[in-house]
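K.L.:
Chains L and E: place on chain V using the hints.
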Amino acid sequence: MNLFLVNPKSDFTMDNSFRIDQENLQHLFTTLQKRGYETVGPTLADEAIVYDTIASVEDLPVGWTDEVGPGKYRVANGGGLSSFGYTLSPQSWKRFLYPPTRKLFSAKKNGKSFELTQENDGEKKHAFIGVRPCELSAILIQDRVFSSGEYHDDNYLALRRNAFIVAVNCSQAGDNCFCVSMKTGPAAKDGYDIALTEVVDGDNHYYVAASGTEKGREILTEIGAATASGNEIAEAENVVRRTTAEIGKSLDTRGLPKLLAENLEHARWDDVAKRCLTCGNCTMVCPTCFCSTVEDTTDLSGQTAGRSRRWDSCFTMDFAKVSGGNFRTSAKSRYRQWLTHKLSSWVEQFGISGCVGCGRCITWCPVGIDLTAEVKAIRGTKVKQEKGG
Amino acid sequence: MKPHDLSESLLKHPFLSNMNEEFVKTLTSCASNIVFDEGNYLFREGEDAKTFFLLRSGRVALEVGGGERGQIRVQTIGAGEVLGWSWLISPYRWHFDAYALEQVHAFAIDASCLIKKCETDCHFGYEMLRRFSEVLERRLEATRLQLLDVYGSAMGDRGENY
Amino acid sequence: MLETPVLDEIKSPNSMAPLPATIRRIIWETDDTYTLLIDAPRLDGKEFPFRPGQFNMVYAFGIGESAISISSDPSKSNLLAHTIHRVGTVTSALSKLKRGDMIGLRGPFGTAWPIEEAVGKDVCIAAGGIGLAPLRPVIYTLIRRRSEFGRIIILYGARSPLDLLYRVELEQWSKVPNTEVITTVDRGDSSWKGHIGVVTGLFSYVKLDTPSTIAMVCGPEVMMKYTFEELERRGVSQEHIFISMERNMKCGVGLCGHCQFGPKFICKDGPVFRLPQIRHLIEKKEI
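Chains as they are written, first to last, in the numbering used here: chain V, 1 to 389; chain L, 1 to 162; chain E, 1 to 287.
Same shape as in the complex, but just chain V (with noise of 0.2 Å):
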């Protein structure tokens, strides 16, 4: 059985695709602003396509794209008309439903006592315009971890609820990306509310929607979406397809969680071991990844005092720290902490695997550590050998 993602549905049908043009982009960004979302974006900021708040389609990097390679990210400009012509922002929108800090609580003294005054900022309406299809899978997955158990994130679902969801499909592909072994991409099959495919054709420059709610398909009706063309849908549909012939990196993902389970003592972790810096910044670009910690505060009185939590990473020395001791002191402990968890004992925590091969990992690691290469090393000079099927 295969427990990685697999969502089969085709979207592209004829009674459910629209056409828009940028003029209709522009009326979607005031549409959810008028209803009260706060509306984020790709856009160009310190040398990077970021996400972050943006107004209006001026903000899109228009013309931009960008380069990525293992321990390599630059932008550069293309001209052109695209809008969404680049892979992926370092950062992905976790930080949007899951912040990397947030205030979980304020405790006052009162007498003997103390009052607690939990935080919340589950009000929030974010539309996210621009979610490629491996991150909308990585929303997915969180979905999963914050909200599986008997305890959930309850910040993290308020915002979730509150988000509307504008995927855009790729219409290239990173030098690191491998969502076609992860059957998360590159286009969205799941989870959307509206899905585009960017078209540029000369100078015919216009977008394929397709609606996946109810809400969706009421905003693309009040933003003047027009019934798109077969030939429209057809151009969008290619530019799916060119790009998933582009896609060159793979993932084996054949038994790779027994794999990776049976094969914790193999040589090739003190051979990544060597190389990792245990920076943690795979963790932190990993759209998937959720750990955290908390640090308690007092004012100087004693009086006043508050806890917040913050992303950490198992790259962390103070990780695993016990107060009898340290369950993970060397770094290819916690190398394979992270890979296995990702790659093999997700799937058993949360019926699915935590990495959706948007390579983002591979991108950030200073010393170009390929996630990809380690599970090769791995699987090629595996101690033993899995069973068929």
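Honestly, the hints are just simulated from the structure, not real lab data. Hints are supplied without guarantee of correctness; some may be wrong.
Computed list of lysine-lysine pairs in DSSO-like fashion (alpha-carbon distance at most 30 Å, straight line) [as the list claims (entries may be wrong)]:
1) V:Lys-34 with V:Lys-125
2) L:Lys-116 with L:Lys-50
3) E:Lys-285 with V:Lys-258
4) V:Lys-376 with E:Lys-284
5) V:Lys-72 with V:Lys-183
6) V:Lys-258 with E:Lys-225
7) E:Lys-285 with V:Lys-376
8) E:Lys-268 with V:Lys-332
9) V:Lys-109 with E:Lys-76
10) E:Lys-284 with V:Lys-258
11) E:Lys-225 with V:Lys-382
12) V:Lys-108 with E:Lys-46
13) V:Lys-183 with V:Lys-249
14) E:Lys-193 with L:Lys-12
15) E:Lys-268 with E:Lys-225
16) V:Lys-332 with V:Lys-376
17) E:Lys-76 with V:Lys-112
18) E:Lys-268 with V:Lys-103
19) E:Lys-121 with L:Lys-12
20) V:Lys-183 with V:Lys-215
21) E:Lys-46 with V:Lys-103
22) E:Lys-96 with V:Lys-112
23) E:Lys-285 with V:Lys-274
24) L:Lys-25 with L:Lys-12
25) E:Lys-76 with E:Lys-268
26) E:Lys-284 with V:Lys-332
27) E:Lys-207 with L:Lys-25
28) E:Lys-96 with V:Lys-109
29) E:Lys-96 with V:Lys-108
30) E:Lys-284 with V:Lys-382
31) E:Lys-193 with L:Lys-50
Here chain E is said to cover these stretches of chain V; the calculated rule only asks that three of the stretch's residues, wherever they fall, bring their Cβ under 8 Å from a Cβ of chain E [unchecked claim]:
32) 142-150
33) 321-327
Note that the Cβ used here is the ideal one computed from N, Cα and C, for glycine as well.
P.N.:
Coordinates of chains L and E only, in the frame set by chain V:
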């Protein structure tokens, strides 16, 4: 006690579990019953090791003269256990004092008698060595665990955030 | 295929806010280990029910939280006990509190010891050091429902005679019918009349009726490893051996990722595990 009775009660000792009848008989021929009152020593550090003991009841403390640190009690052993293997290994002298914490009932096995039997019957000798190796291994394992000082903290991390 | 959770239907208990609770008493068990007796807070207006083996996140106001197992009698849910080893800032801050002071509690979290599975069977409890604390609620329960169980065997090891927890109770438990309590210390002196040696050595002095014995083991990981090997050597099946694990915990409810042990979250899949669930991981280094 008659030898017959002795072999019957000896058989109840875990050291002899599943031992064949022939070997039990051989071992019994070197065994005698012995009682130590509380506060007596079964043997003392430095003495020639001419016997070993299969404890039947009561507890024995193994002590080492620790010089300025006084008498250090390193281990206690009790019913069902084997006490002493110095008779087997050169220079055949005890390395500990063995102190009876309570009245101790034991079988004393005469070492020179046993060694003679082992040398004439290699199968019996092998059986004895195999059983003693197990005792040694268990004792070594326990000593390692004791050495690990598992209840202490692995690192002096007072002041950390716990 | 990935099923999207129906986000609108999800509600969970409020797990992140510590409930204020009043300290009734502090008992120093040893030089560096103390028991907090706490008036149990009400949980959503109800009593504070817990099962033996579960833990609370104990909050020292403004300082931080520590995951501490509950060591009191589950039938007395109005009074909670936490036995705490003073090792760092949180546990030191808690140690300085007085009667009437407030702490915060989140919990109870985690899995429990298999009391019901032990009905009709012998129960062998093997504890090392502060590992007796999470087993004390089991002992209270076994004694309260004495007739439902076979023999009770309690084997307990500590570093030295002065490091033994619950010394008065150990004495009382040994007087319960058909109950054996054997203690040992790693380091004794001539004033100590009990056993000297590791806790695994105590198995020489008890004869386990192995097919009908349930073993519950808690202590430092090395001690537990040696103990379950000893139990197996004596014929207790892996399926009947339970151990309680410790890992770093920040949230206590499976969301912060810190306590992962392979695919297991110690906080929600544990801390009590049936040995086969985690044995393959315990034998690997730095999991």
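K.L.:
Determine for every hint whether it applies to the structure shown.
P.N.:
Now the hints, each set against the structure:
{"no.": "1", "hint": "V:Lys-34 with V:Lys-125", "in the structure": "holds, 12 Å"}
{"no.": "2", "hint": "L:Lys-116 with L:Lys-50", "in the structure": "holds, 13 Å"}
{"no.": "3", "hint": "E:Lys-285 with V:Lys-258", "in the structure": "holds, 18 Å"}
{"no.": "4", "hint": "V:Lys-376 with E:Lys-284", "in the structure": "holds, 22 Å"}
{"no.": "5", "hint": "V:Lys-72 with V:Lys-183", "in the structure": "holds, 25 Å"}
{"no.": "6", "hint": "V:Lys-258 with E:Lys-225", "in the structure": "holds, 25 Å"}
{"no.": "7", "hint": "E:Lys-285 with V:Lys-376", "in the structure": "holds, 23 Å"}
{"no.": "8", "hint": "E:Lys-268 with V:Lys-332", "in the structure": "holds, 26 Å"}
{"no.": "9", "hint": "V:Lys-109 with E:Lys-76", "in the structure": "holds, 29 Å"}
{"no.": "10", "hint": "E:Lys-284 with V:Lys-258", "in the structure": "holds, 16 Å"}
{"no.": "11", "hint": "E:Lys-225 with V:Lys-382", "in the structure": "holds, 28 Å"}
{"no.": "12", "hint": "V:Lys-108 with E:Lys-46", "in the structure": "holds, 24 Å"}
{"no.": "13", "hint": "V:Lys-183 with V:Lys-249", "in the structure": "holds, 13 Å"}
{"no.": "14", "hint": "E:Lys-193 with L:Lys-12", "in the structure": "holds, 27 Å"}
{"no.": "15", "hint": "E:Lys-268 with E:Lys-225", "in the structure": "holds, 22 Å"}
{"no.": "16", "hint": "V:Lys-332 with V:Lys-376", "in the structure": "holds, 17 Å"}
{"no.": "17", "hint": "E:Lys-76 with V:Lys-112", "in the structure": "holds, 24 Å"}
{"no.": "18", "hint": "E:Lys-268 with V:Lys-103", "in the structure": "holds, 24 Å"}
{"no.": "19", "hint": "E:Lys-121 with L:Lys-12", "in the structure": "holds, 26 Å"}
{"no.": "20", "hint": "V:Lys-183 with V:Lys-215", "in the structure": "holds, 26 Å"}
{"no.": "21", "hint": "E:Lys-46 with V:Lys-103", "in the structure": "holds, 28 Å"}
{"no.": "22", "hint": "E:Lys-96 with V:Lys-112", "in the structure": "holds, 15 Å"}
{"no.": "23", "hint": "E:Lys-285 with V:Lys-274", "in the structure": "holds, 18 Å"}
{"no.": "24", "hint": "L:Lys-25 with L:Lys-12", "in the structure": "holds, 14 Å"}
{"no.": "25", "hint": "E:Lys-76 with E:Lys-268", "in the structure": "holds, 24 Å"}
{"no.": "26", "hint": "E:Lys-284 with V:Lys-332", "in the structure": "holds, 13 Å"}
{"no.": "27", "hint": "E:Lys-207 with L:Lys-25", "in the structure": "holds, 26 Å"}
{"no.": "28", "hint": "E:Lys-96 with V:Lys-109", "in the structure": "holds, 17 Å"}
{"no.": "29", "hint": "E:Lys-96 with V:Lys-108", "in the structure": "holds, 20 Å"}
{"no.": "30", "hint": "E:Lys-284 with V:Lys-382", "in the structure": "holds, 17 Å"}
{"no.": "31", "hint": "E:Lys-193 with L:Lys-50", "in the structure": "holds, 28 Å"}
{"no.": "32", "hint": "142-150", "in the structure": "holds (count 8)"}
{"no.": "33", "hint": "321-327", "in the structure": "holds (count 5)"}
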